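Undergrad: Position chains B and C against the provided structure of chain A, taking the given hints into account.
Chains as they are written, first to last, in my numbering: chain A, 56 to 455; chain B, 1088 to 1386; chain C, 584 to 818.
For the record, the hints were derived by calculation from the structure and aren't laboratory data.
One or more of the hints may lead you astray.
[Said to hold, decoys possible] When the alpha-carbon atoms are kept at most 16 Å apart in a straight line, the in silico EDC-like pairs for lysine to aspartate or glutamate are as follows:
no., chain 1, residue 1, chain 2, residue 2
1, C, K611, C, E588
2, B, K1256, C, E635
3, B, K1181, A, D316
4, B, K1256, C, E677
[Unchecked claim] Stretches of chain B that chain C covers, calculated by requiring three or more beta carbons in the stretch to come under 8 Å of a beta carbon on chain C:
no., region
5, 1101-1112
6, 1252-1263
None of the values given here were measured: they were computed from a predicted structure.
Positions of the beta carbon are idealized from the N, C-alpha and C atoms, including for glycine.
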Amino acid sequence: MAASATTRRAAVGASTGVLAVVLSFAFASSTRVAVALSLFLVILIKGMVLLTSAQLRATHPVIARAALTVVVIDVVLFATYFFPANTNSNLAIGAAMSIVLLGLSFLTGASGQISLGNGAFMGVGAFAMAIWANHHATSPIAVGLLVAVVSGAAMGLLLGLPATRLRGPYLAGMTLAFAVAFSAILSSFNSWTGGDSGLQLPTAATPPQWLLNFFGPGTSLLTTNSMWTADIAIFVAGIAFFFMANLFASRTGRAMRLIRDNDVAAELVGVSLPRTRVVAFVVSSAYAALGGSLTTLIDNAVSPSTYSFALSITILSLVVIGGIGTIPGALIGGIIFAYSNSVITWITNQTGLNPQGNLASQLNGIIFGVLLIATMLFAPMGIAGTVRHLRHRRRRRVPG
Amino acid sequence: MDPILTSRIMSDVLGGLTNGVVYGLVALSLVLVWRSTGILNFAQGAMPMFATYVGMGLLSYHLSYWPCVAISIVAGFAVGGVTERVLVRGLYGKPEINPIVVMVGFLIVLEGAAAAIWSTKPRGLPNPFSSIDYQIGGKPFGLSDFSVFEIITAVAVMVIIASLFRFTKLGLQLRASALSPEVSRLLGVRVGRMLTLGWMLSTGVGTVTTILVASNYFTGLTPQVMDGVFAFGFIAAAVGGLDSPVGAIISGISIGIILQFVGDYFNSNDIILVALLILVVSLMVRPNGLFTRSSVRRV
Amino acid sequence: MITIEHLSVSFGAVQALRDVSMEVATGKITAVLGSNGAGKTTLLRTISGLEEPTTGSIDLDGKSLLRERPENIARLGVGHVPEGRGVIGEFTVEENLRLGAMISTTPLRAGLDEQYERFPVLGERRKQHAAKLSGGERQMLAMARALIARPTVLLLDEPSLGLAPLITAQLMRAIHDLCSTGSLTVILVEQNASSALRIADHAVVLHLGSVVANDTADLVAADEKLRQYYLGMVE
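Bound conformation, chain A alone (with noise of 0.2 Å):
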């Protein structure tokens, strides 16, 4: 029985990939599309093929999450050759803020504590990045990202240990403080970080050669660069979705969600909770790093302005709106970022208001608080968490 039903799946998997081969090659216009349209096929369809079994799900999540990921990378990286530049840039900068995001969504929703300055430890992996790229400027941009992810993880350390042993609003207020600091703090080391006019990258990321060979020629820099940056970001970002979604589902995870529900109780069961705790800044910090050191990646410079309170309290709103301790609300929120500025200027644009007036300046920051507030009132469990429960609502209503 087990026999025949491999068979039969190898043998299923197999002509679908004969087929996707064929039919690249019937409908693509030069080899080189072919090529690439037949592996993006073909990794479709077994992935597609790994995910419907509900049985794989049951017993080896971590193989069916991993074969979910490669999906939807594969999707999205093969549109990217398609997409224009600015929907490119635009789902880099969702991508990378998505980072950020999952990173104080899992810090939230997994430990029940709260920062108000992963704005300004997203700003540590931007400078971090733009600061090696600028001493080793040969260095790949994998070693810079990592640089970035250490940086942040380090200083997340320095400032959670004292964490371990506070209640939500010292530690809030005391991110709050850091947020504030952090422009002071790169004042304090402006040989390091230039300054007020912050850094530039010393070279541009270009896609590799192979890559710029599917372009015709004369496709415009703006477009094959905005589209390697998005590949980019989008990569790192479904690897670090995937670890985080193994994070949520492991021992760590559970604890966590034990230690927001009751620190006493958790304590009983033999969590130790300051470790925990730390291990959730800490995290959380390096995924703020992380996306910003892509976000130094995409603008190609760093100016320290970005990094200001603001941005922690939009991270905060972002992820709240998305849904707090769930994963596509980290996403949802890194998409609502990405468009927000387009959104405010359709509003502007449809109320007649003048764009450089008092009123539309203001407008991102008023509605982002009005949202933050209507969320946490009304639904907060944000979108996501929302949507997810009125599935499950649904579900449950159907007899049987």
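TA: Leaving out everything else, chains B and C in the frame of chain A:
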């Protein structure tokens, strides 16, 4: 003349004292709300800022300075009361982060609204007192008419609040409501009103502080005028212990003086760094503040 | 007179009181007895407005107390000495009493003197923090704090809990004396059935939220089955 009076140290102590009483007032207003409702009010700077814009805005309608100050304070009471009734009432007994998030949201809405209505351009408040330092033997001495006024006002506010809590029937009810709301209700205390009153008082204290800050600093009145002061005030409150009004004031003044020395002998960028360091170190040593007696946590 | 009819109170799925009906006569002591979890405390908390009943009615001298706030019920003359006494430890003895006198119409000084006369030990310790008092002294303070408002009804929740037998006896005598004028109505919740029955006029026995006996104190005290099954009084 005694050289100590004109020394750099003396001038730093007095300058630090002037800043420190302001931090102490912000810390006190945070403690008032924390003790009565268990909420750390992140809009504690923005709420009085808004009230100050409303009250001091009447200056352009040919109202003179002191009536405008009085109206600002009344507006502060109103902002505090309405906020408690409308925004905060539903948050009691919710998870710790809910009120934090809501008050952070309120902070950005208020700052955005103030900027939308009155623009981000600083407004100079007329200063009824001179800010020029006194001279002793031709040398400046760290006080001016205005800083003396500032210190006297701050001390007066602290004394008024302390006497209200210690010596009046109302104060007894306010303290009882904070310590033991259910028992208070059984004794006929209208606890809901006391909570509203706590927020009103706290925002009133904040409004006095905002007027002092906006008159004193070169910045004038801006929507973000209280952001930095709030951070220092929070640090003072956390170091002193959010439960302790006396601790809040003492640590506010101490931090003001320490930071004045840091700014004078090091670099002005280092001020907030040192403040952060003080916060981190003191929270590691005494997570519930230096002046809190004990901490029993319930399961 | 307090009239309670068909009173039910639930906490989620748990039903704390089921269809409780009873009358509390003016000027008398009514003991409410029963084991842990019988619903005694819930009954008092519901009368005071701290819990909301799902069904039923509570009337004080013909006026409904339902949906009144606890602070208003206190102002209507219902004094409640809660479970664990509710003494504010951070306050001095006198501050606790001043808080209790807040809703009284008589002058504060006279009220304080009256309570210090009734409980001399409180007068001696008037400047001390209430946290420093012994269990018996705390109970006296809690009672004095309720009495200083001159209530017409006094709800006492387990006053003898944690007290030595000798102190309990003194306390019960004090409660008995309070009612000697016939103007104060007392509902006395107790696990210590024998002490309570000694001073009570009437007794109600609750078991798992329902009334299982409602009779004069003497008859309840004499009922062998009640004593054995519900009151845990084995000689």
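Undergrad: Tell me if the straight-line CA distance from K1181 (chain B) to D316 (chain A) falls inside 16 Å.
TA: Distance of about 12 Å is within 16 Å: holds.
Undergrad: Starting from K1256 (chain B), check that the Cα of E677 (chain C) is at most 16 Å away, please.
TA: holds, 13 Å
Undergrad: Has the given pair, K611 (chain C) with E588 (chain C), been kept, meaning a C-alpha gap of at most 16 Å?
TA: violated, 19 Å
Undergrad: Within 16 Å, alpha carbon to alpha carbon, are K1256 (chain B) and E635 (chain C)?
TA: violated, 30 Å
Undergrad: Under a C-beta cut-off of less than 8 Å, do 3 or more residues of the region 1101-1112 of chain B approach chain C closely enough to confirm the stated coverage?
TA: As far as the region 1101-1112 of chain B goes, the hint is violated, because 0 residues have Cβ atoms under 8 Å from chain C.
Undergrad: Three or more residues of the region 1252-1263 of chain B near chain C by CB distance under 8 Å?
TA: Holds, because 5 residues of the region 1252-1263 of chain B bring their Cβ atoms closer than 8 Å to Cβ atoms of chain C.
Taken one by one, the earlier hints fail for this structure at numbers 1, 2 and 5, listed in ascending order.
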